[in-house]
Amino acid sequence: MSALLTLNDLTVRRGECPVVDRVSFAVQPGEIIGLLGPNGAGKTTLMRGALGLLAHEGHSSLTDLAPGPRARQAAFLPQEREIAWPMPAEDVVALGRMAHGGNRAGDQAAIERAIERMGLEVLRHRPATQLSGGEQARVLIARALAQESPVLIADEPTAGLDPAAQIAVMEVFARHAQEGGAVVASLHDLGLAARHCTRLIMLERGRVVADGTPQEVLTDANLARVFRIRAHIEWRADGPIFQALSVISP
Amino acid sequence: MSTRYAILMAGLAAVVAVLFVASLLIGPAAIGLGDSLAALFRGEGEMVTLVMREVRLPRAILGVLVGAALGLSGAAMQGLLRNPLAEPGLIGTSASAALGAVISIQTGLSVAFVWALPAAALLGALISVGLILLLAGSRGTTLTIILAGIGISALAGALTSLVLNLSPNPFAASEIMFWMMGSLADRSMVHVGIAAPLIVLGGLITLSRARALDALTLGEDAAASMGVNIRALRLWLIVGTAALVGAATAVAGAIGFVGLVVPHLLRRAVGARPARLLPASALGGGAVVLAADIAVRLIAPDRDLKLGVLTAIVGAPFFLHLILRTRRDAA
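First to last, the sequence lines map onto chains P and E. Position in the first sequence (first residue = 1) + 374 = our numbering. Position in the second sequence (first residue = 1) + 1 = our numbering.
There's no promise every hint is true.
[Unchecked claim] Pair ranges (Cβ atoms, derived): (1) E:Phe319 to P:Ala400: 54 to 62 Å; (2) E:Ser209 to P:Gly586: 30 to 38 Å; (3) E:Ser209 to P:Glu390: 35 to 43 Å; (4) E:Asn230 to P:Pro460: 50 to 58 Å; (5) P:Pro460 to E:Ser189: 40 to 48 Å; (6) P:Ala595 to E:Leu236: 36 to 44 Å.
By construction, these hints were calculated from the structure, which means they are not laboratory data. Everything numeric in this text was worked out from a predicted model, so none of it was measured. By construction, the Cβ of each residue, glycine as well, lies at the ideal position given by its N, Cα and C atoms.
Start from the sequences and build out the full structure, keeping to the hints where you can.
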């Protein structure tokens, strides 16, 4: 199968200093990739660079595409959950159809699917700005789903969600991947990443330091070096259990 | 929702149509109701026909055009900046257009040629657009645009004060003061001819960006990832707003609060979607300016009450009320 997204030596500089430094990887259909790294590791910058929202060196397969086709190839969920106007939640979700232009019948079906997947039926007519932070996050995820782009790039999609909503989001991502799409999501919750991602990419100061299955990436050595923590991980048959234990003093 | 929007638009259009006719019927010359409308379509030469065609018709047309320009540009600026406190004058065009007009009054050009004042105002507007593009240009952010607009407004305001300050002629100074208050009185078809093409052009440019403004609701990154060219959006909206506001100021002077309050009033009714707010605010602005222009003629028929003064007196308290309402919603 051909990759949905390919990065080759992607570099994003702030001034002279590279914030993302020669990052290369390919995203295959069916993958749920967790981007890990401490604050300032370059996760957000990497995503924005890959989407062509920032000037970059190297190559991203997305920026070969014109803005319209690019939006149909990859949907982006920024970290800032911004909804400027008190639009009904369903109208916010409908914005995801922008990239597709005209076809109204198909639009409505995609909007209904996204609303159903995120469980927004009861909220759909409420002004989005009056919803709680977690509800707004779900509305915005539904907007990205409604875009129906194969690649879904999400910047901390589970931040601020209650445990049930966090798991629900990861399950929505899994379904998207099963249907032939792929998800790239930055995550701070390593337990969630270990359980729900098919592949993890660990960043440190803009560079990829580990890339592989959760078991390959979440090693004691990597956790100590990149996150400066000690953790307990149990790789059980029904999925890994991760618990951070203590900070390693330098 | 869609039918509700259609009903709203039809209702607003009907209100504009009624106020337009009402505007034609009101004036110092006592003309019967039927007579006045019939005179519009009758033969040349009669006094009534002259009053209707040369005095009241341009005034009513300008009321619609100026109001639509202010409402539309206000909605566009609020959409672009994602801020309900944004207003058409934000990018400095109205202050610069006023400066151009003031200079033409001061130099006496406006007396020599009827088109000199609006032309000078448009030149001022054009210079302000040039400046803002230079300052905020293709690499600027929305914040740069706001700051550049504040700077340009301050500079134009200071230069206007300087012209007044140095004016050796008290009559010119008082004429300048009165012009700046904003009015639609004593305008002619020449003014319509100057303003109409620019307002139509600016309107088309602005309305063509409606969908992109909808996407911008979710922030610049999200909108860009949905295929919106943010830079082009900013440039087009600056150019469109400048054409709208420049033309409106050139023929009517400074008419405040319409561009700020009208989008506020209609936001809920259109489900807060910027794309729907644009045309609704254009109609709403037309209705408000027509109504205000009728009101100044009814309240003080002999005193030449200025339109801009009335819109500010009514608009400012109303705006304060809106702030209170926003505060309640946020709490």
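Comparing the hints with the structure gives:
{"no.": "1", "hint": "E:Phe319 to P:Ala400: 54 to 62 Å", "verdict": "holds (58 Å)"}
{"no.": "2", "hint": "E:Ser209 to P:Gly586: 30 to 38 Å", "verdict": "violated (49 Å)"}
{"no.": "3", "hint": "E:Ser209 to P:Glu390: 35 to 43 Å", "verdict": "holds (40 Å)"}
{"no.": "4", "hint": "E:Asn230 to P:Pro460: 50 to 58 Å", "verdict": "violated (26 Å)"}
{"no.": "5", "hint": "P:Pro460 to E:Ser189: 40 to 48 Å", "verdict": "holds (43 Å)"}
{"no.": "6", "hint": "P:Ala595 to E:Leu236: 36 to 44 Å", "verdict": "violated (51 Å)"}
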